[in-house]
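Once you have looked at the hints, place chain C on chain F.
For the record, the sequence lines run as chains F and C.
This note's numbering applies: residue 1 is where the first sequence begins, and numbers increase by one.
This note's numbering applies: residue 1001 is where the second sequence begins, and numbers increase by one.
Derived from the structure by calculation, the hints contain no laboratory data.
Some chain F residues judged to face chain C by a derived CB distance under 8 Å, without partners named: (1) Val114; (2) Thr117; (3) Gln118; (4) Glu124; (5) Ile128; (6) Ser129; (7) Gly131; (8) Arg268.
By construction, the Cβ of each residue, glycine as well, lies at the ideal position given by its N, Cα and C atoms.
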Amino acid sequence: MNSPLNEYTQGTANWREVIKQNSRRTYLVIGLFFAIYIAIGLLVDVFLYSQSYPTVSPITILDAILHGELIPKATIIMFIIASISLLISYWFHDRLMLLGTEYHEITPETARNVQETQLYNVIEEMKISAGLRYMPRVYLIEADYMNAFASGYSEKSALVAITRGLMQKLNRDELQAVMAHELSHINHLDIKVTLTATLLANLTIIVIDILFRAAIFAPRRSDKKGGGLIVIIMLLRFLLPIISVILLLYLSRTRELMADSGAVQLTRSNEGLANALLKIQNDHAQNADEYRNQYNNTPNEQIRREAYIFDPMQAGFLSVRSVNDLFSTHPSIEKRLEAIGFKKKTTE
Amino acid sequence: MSLILLIIILAILGYGILIYNKLIAQIETIRNNQKQIDIQLDRRFKVFESLINVVKKYMDYEQTTLKDVVALRNQAQQAKASGDEKTRIDAENKISSIASNLNVVFERYPELKANQNCMQLQEEIVSTENKLAYSKQAFNDSIELYNANKQSFPANVIVSMFKAKLDQLFVYWQLSAEKVTEQEAYTVKL
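Looking at chain F on its own, in the form it has when it is part of the complex (with noise of 0.2 Å):
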C-alpha cells in the first residue's frame, strides 16, 4: 500500500479533550473581543464628556461614568448598532458564501447520478450522528478543485457546499469524513461564532479610527489635562487592527482543530479525515498551475477562504491583495493530523 498516510503513526484522537481545550479559547476570545468593544465605548464617552467638561480629568470622568452618575451614551450607541449589524449579516451571510461560483442545489429528488445521491447521503448519515435537528442544504459548485465549507447562522439555514473535485475524487469515508468536518462547523455555531468576532473587530476599528480623527481635529485644551486620553487613542489607533487580526486567526484556527475533532467524533474514525486532508492537499501540489487560475478567476473567493476545509490562499493558490492575507486561517497540515491522533515519521 502507498498511501500517503504510511508517513505517518496512526494513534487515537483523544477529540473530547480536543473539542473542550478550543471551545475555552473560544469563549476567551470572544470574550476579549466583547470586553474590547466596550472599553473602546467607554472611551469614546470619556472623549465626549471631556469635551463638555474641560476643567474635569478623564479619570474623574470615567469614574462618574461607571459609578452611574453619567450615562455612557456612546457605548450605548455602539450596542445598538452592533446589535442591527449582526443582525443584517446573519441575514445575509449564507447568499453571500456562495457569490461567484458556479453552483446548483442537490436535494434526493433532483441528484442526476450516483455520486450526488451518495453526497447527499453521507451528509444526512452525519446529520444523524451529529443529532442536528434540519438537514442543511447542499450545493454542489462547478469547480476542479478540491474544497468544501459550511455557512449559514443557524441550523436551520446552515448549508454545505462542496466542489465537484472533491465529490470524484474521494471515496465514501474521505467524503462522510469532510461532510463530517463541515457538519461540525454547523454543529459547534462556528459560523456565527467568526461572524460576530468579525464584525466587533470591524466595528472596534471603525470607532477608534473616527475617534481618532475627531481627537486630532478637536479644540486643544487649555490645561492639557487630556493629554494623556489623545496618546491613548493614537496608540490604540495603531495597536487594535493588529490585535484583532492575531485574535481572529487564532479563533479560526481553533474552530478549524475543532471541527477536525468533531468529524473523529461524528464518525469515530480518524483515518478518513487524514486521508481525505493529505488527498486535497496532494491534489492541489499536482495540479497547481490549473487551480491557481481557477481560484483567482473566481470571483469573492477571498470571502471563503477561511470558511474552506483547506485555505487556498495558504497554499498560495490565491493571489495575496493585503496584510491580512498573510497571516493563516487554517493550522497546518501536519498540526491538524497530529491532533487528531497522527503523528509524522521522523525519517533518519
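What follows is chain C alone, placed relative to chain F:
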C-alpha cells in the same frame, strides 16, 4: 449588605434553573434519539422491501428473501410490543445479514452491477445501514452527555432535589454478551 445577599441568592436560583432546564432538554434528546433508532429501522424495512421488489426481476431467489424479511420484521415488532429486547435485536440483526447477502448477489451479476439503478440501490443499502448505526451512536452519545452531567457537581444537588423528574435511567444500546462473542468469532468465508 442585604442587597448583595439578595443578588447572590438570585444568582444561585438562576443557575439552578439553568441546570434543571438543561437536564430536561438532555432527557428529551435521549428519548428522541431512541425513537430515531426506530425510525431508521422502519425506514430500512421499507427501503429493503422496495429494493427486493426491483431485484426480483433479475432473480427468483428474492421471492423467499422477501418473505424472510417480512417474517423477521413481524417477529421484531411482536418482540418490541412484548418488551423482549433480545429477540428484537436478533431479528433486526438477521435482516442486516440479508442485506449483506444482497450485496454479494450484486457482485455476482456484472450486468446487474453496471446497471445505474442497481448502483443507486447498492448505495441505498450502505446508506441505510449507516444511518441505523449512526442513530444508535447518537443515542449512546446523548446518554453519555446526560449521565456525565447529572453526576457532576453542582448538577447532582439539583438532581437530588427533583429526583422523580431529573434522575432517569437510560440503558446504552449494546449487544448482549453472547452476541458479542459470536460476532467476534465471525470471519468472512469466501
